[in-house]
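All chains should be built: construct the whole structure from the sequences, respecting the hints.
Residue numbers (our numbering), protein chains in the order written: chain X, 2 to 91; chain B, 13 to 283.
In short, the hints are calculated from the structure, not lab data.
Keep in mind it's a predicted model, so treat the numbers as computed, not measured.
Every residue, glycine too, gets a C-beta built ideally from N, C-alpha and C.
Just so you know, not all the hints are guaranteed correct.
[Claimed, not checked] Computed Cβ-Cβ distance ranges for the label pairs, DEER-style:
hint : chain 1 : residue 1 : chain 2 : residue 2 : range
1    : X       : M64       : B       : R91       : 33 to 43 Å
2    : B       : E137      : X       : E67       : 22 to 32 Å
3    : B       : S159      : X       : V72       : 50 to 60 Å
4    : X       : Q18       : B       : E270      : 25 to 35 Å
5    : B       : A80       : X       : E30       : 40 to 50 Å
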Amino acid sequence: MNLLQFFRRPRVRSAQQAKERLQVLLTHERGSRGLPDFLPRLQQDLLRVLARYVRIDRESVQMQVEDDGGVFTLEINVELPGGGAPAIHR
Amino acid sequence: MPKIIVMTSGKGGVGKTTTSASFAAGLAMKGHKTVVVDFDVGLRNLDLVMGCERRVVFDFINVINGEAKLHQALIKDKRLDNLYILPTSQTRDKDALTKDGVARVLETLKQDFDYIICDSPAGIEKGAYMALYFADEAVVVTNPEVSSVRDSDRILGILASKSRRAEMNLDPVREHLLLTRYDADRVRQGEMLAVDDVLEILAIPLMGVIPEDEAVLRASNVGVPVIMDERSGPAQAYADAVGRFLGETIEHRFLIPERKGFFQRLLGRPA
Ligand SMILES: Nc1ncnc2c1ncn2[C@@H]1O[C@H](COP(=O)(O)OP(=O)(O)OP(=O)(O)O)[C@@H](O)[C@H]1O
Ligand SMILES: [Mg+2]
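Here it is, written out as structure tokens:
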């Protein structure tokens, strides 16, 4: 890009970025609208229970709800570290 | 048929109260009997913007609680015959708004007024919910800015699922986008989302674009709805918006910068 182009193109099209970020974010948020709002708490509880048996961190439990034409399925994905190393009992 | 219209946004400080005052005044100027109701319990501000703060004796919450009659709380605007204000309480909290109470007051107002404008508080909690619950139409007040657009989208979701019209399976709340604090210069620089961007994302009909202009601050300083500062940009833009709301076909204005700046001339960018 030569100097003239550099000036002519507004440096960073920040508005363009704003638009793209919004499109991605809102697609995601609209998808999860109307879904049960207990999911974050369920996630917390699951973590707490799992932590009694395996060493686990908050990223290792992923939850997703799928809407299959009115039928919601809850998918829970738990990633066990090193084949499920037992947590040290207190 | 009287109509209940909510000015809503999710995000705070985007121009709901400014819009409520001017929109209500604009409807009154067109001959419609209009009342504007402040739902921002605890943060009363509409009275200041309307310039009637010294005339508040009873408020919306007093009426809900049966401590005053509606006619005692309603303030008649001194400038416009058809315009009334129902101020809110400054001392109570949003729990003072009960669904039954609000329903009763709105029902009574419907007997006397053509348009009931509800100035919503920010947020998506009780106050904002009460303001939108009974609405027939919603003006979604949005700034060309990511957080405001996102919050508007959430509000649209709530209107579509939690409003009275949604719950009772009636025709959906009619939605209007009002883009406020629009700075055409910054849009051209690529620094601010353009009308088309916001429209594409929110996908609801555009009722108007209100330019960012110091006339708004001036008007609130003196307690006059900015629509009455007739020569200002915001006044014309609000008047256009009211016209469109009432079904007139009016072309959009204030979408391009007024004058060319030094650098733009130098670089010869198209206006
Ligand atoms: N078109 C405009 N140009 C310049 N300033 C504006 C414009 N619209 C609103 N403002 C200013 O923005 C500020 C917030 O406006 P206003 O009180 O109407 O917003 P609000 O959405 O009601 O806020 P809240 O969420 O706190 O109730 C005020 O200082 C007002 O003067
Ligand atoms: Mg306000």
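Hint check against the structure, violated hint numbers in rising order: 1 and 3
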